[in-house]
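Now for the letters of each chain:
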Amino acid sequence: MINLFGYRLSWAQLAWFGHRASGLGVLLFLFLHIVETSTVLLGPEVYDFTQTFYQNLPAKLGEVMLMAALVYHSLNGLRVIAMDFWPSLTVYYRPLTYGVIGATVVAMIPLGIIMTRGYLPWG
Amino acid sequence: MTSRTRARVIYTNPSRAARPKPEASGRERFWWYFMRVSGLALVLLALGHMFIMHVLVVLTGDEINFAFVQSRWGSPFWRIYDFALLVLAFLHGVNGARVVIGDYVTHRTARSLVIGLLLAISGIWLVLGMAIIVFFDPTTQSVSGPLS
Ligand code: HEM
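Protein chains in written order, with the working numbering: chain A, 21 to 143; chain B, 18 to 165.
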């Protein structure tokens with residue numbers, strides 16, 4: 021059990037909510053990404069201009085969040101799929117859920133550093 | 018021993034934190050399977066895409082611009098890859114959004130209306146997305162259009 025803003029949540033509830041939130045977040049970005057990529061049909065000047073929207077720190081942090089959402093959603097989705105097809109695995113749902121959350125955090129350390137390269141204090 | 022292990026297997030407990038498989042065969046069961054099969058494919062396609070665009074491109078000092086797209090979509094492999102990623106992620110995501118709407122909008126008419134709107138907008142959007150990948154011409158030098 022964890023305490024979040026006064027609500028008592030289980031890790032399982034948080035894992036489920038995270039899956040939902042990350043899925044919707046990635047879908048929202050997919051809609052924007054289609055519009056932004058459509059400018060490639062208007063030629064190099066227009067496309068290269070729209071790509072400059074990504075070349076600043078707030079956009080880089082957004083990309084890191086998108087990556088974190090996708091990494092978490094993928095790992096948790098794999099856990100859900102595994103438990104659906106091998107119901108005996110549900111015995112381990114708790115360690116598997118902790119594993120998914122932990123693996124996401126660990127994976128985001130190198131990914132975050134690489135993705136914000138050039139914006140970090142040491143270059 | 019076995020019975021004790023079996024008793025701890027959670028079949029319907031919400032702590033499994035996912036939608037249970039629909040009992041009846043039919044459309045809902047199809048989409049339940051679709052979410053899982055497309056999810057497996059998306060692990061490779063979506064994570065692969067993010068890895069190439071945000072890790073390999075950075076590490077090799079490359080830059081994503083028009084020339085980059087020209088060389089990438091000059092190859093049928095990457096066009097097919099991106100097309101499969103687009104269609105699967107879109108269907109998976111929009112069906113997920115449909116399920117979420119169904120959870121929160123309980124009024125029947127309102128639900129059909131909201132889901133109808135989602136599907137209409139998504140249909141147009143997906144066609145636009147597919148058109149970009151199909152119609153992009155990698156030999157373009159520069160186009161003279163209203164915006165250039
Ligand atoms: C990368 C690999 C992915 C895997 C393994 C995966 C797996 C899954 C699974 C198994 C579900 C069903 C959960 C359930 O039935 O309760 C699901 C739901 C969902 N996915 Fe994915 N998915 C992936 C990528 C994506 C992408 C790219 C998007 C967005 C475009 C997305 C958006 C969603 C949404 C919105 C839901 C509905 C969430 C809910 O019902 O609470 N997923 N995903």
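Calculated from the structure, these hints are not laboratory results.
Computed from a predicted model, the values in this text were never measured in an experiment.
Check before you lean on any hint, since a few could be wrong.
Sample of chain B residues lacking proximity to chain A, with all beta carbon distances greater than 10 angstroms (derived) [what the hints assert, rightly or not]:
#1 Gly-43
#2 Asn-82
#3 Ser-92
#4 Tyr-98
#5 Gly-113
#6 Gly-119
#7 Arg-128
#8 Trp-142
Stretch by stretch, here's where chain B covers chain A in the computed footprint (C-beta under 8 angstroms, at least three residues) [unchecked claim]:
#9 60 to 72
#10 127 to 141
The calculated label-pair distances, taken between Cβ atoms and stated as ranges, are [stated by the list, open to error]:
#11 Leu-140(A) / Glu-40(B): 45 to 55 angstroms
#12 Tyr-74(A) / Ala-41(B): 37 to 47 angstroms
#13 Thr-123(B) / Leu-140(A): 44 to 54 angstroms
A virtual CB, placed ideally from N, CA and C, is assigned to each residue, including glycine.
Could you let me know if the closest chain A CB is still more than 10 angstroms away from the CB of Gly-43(B)? Correct as stated: the minimum Cβ-Cβ distance to chain A is 18 angstroms, above 10 angstroms.
Supplied distance hint 45 to 55 angstroms, evaluated on CB atoms of Leu-140(A) and Glu-40(B): holds, 52 angstroms
Three-residue Cβ test at 8 angstroms for the coverage of the segment 60 to 72 of chain A by chain B: holds (count 10)
Would you assess whether Ser-92(B), listed as outside the interface, keeps its beta-carbon beyond 10 angstroms of every beta-carbon in chain A? holds, 16 angstroms
Quick one: work out the minimum CB distance from Tyr-98(B) to chain A and report holds if it exceeds 10 angstroms, violated otherwise. Consistent with the label, Tyr-98(B) stays out of reach of chain A, its closest Cβ about 14 angstroms off (over 10 angstroms).
For Gly-119(B), is the shortest beta carbon distance to chain A beyond 10 angstroms? About 13 angstroms separates Gly-119(B) from the closest Cβ of chain A, which puts it past 10 angstroms; holds.
Would the least Cβ to Cβ distance between Arg-128(B) and chain A come out above 10 angstroms? Since the minimum Cβ distance to chain A is about 17 angstroms, Arg-128(B) lies beyond 10 angstroms and the statement holds.
Within the assertion that chain B covers the segment 127 to 141 of chain A, do at least three residues meet a Cβ-to-Cβ distance smaller than 8 angstroms? It holds, with 4 qualifying residues against the three required.
Distance restraint evaluation - Tyr-74(A), Ala-41(B), Cβ atoms, bounds 37 to 47 angstroms: Distance hint for Tyr-74(A), Ala-41(B) holds at roughly 46 angstroms.
Taking the minimum C-beta separation from Asn-82(B) to chain A, is that value above 10 angstroms? violated, 5 angstroms
Over 10 angstroms from every CB of chain A: does Gly-113(B) meet that, or does the non-interface label fail? The claim breaks: Gly-113(B) does not keep its Cβ more than 10 angstroms from every Cβ of chain A (closest is about 5 angstroms).
Given as non-interface: Trp-142(B), which should sit over 10 angstroms from chain A by C-beta: At roughly 6 angstroms from the nearest Cβ of chain A, Trp-142(B) sits no farther out than 10 angstroms, so the non-interface label is violated.
The structure does not agree with the numbered hints 2, 5, 8 stated previously, though it agrees with the rest.
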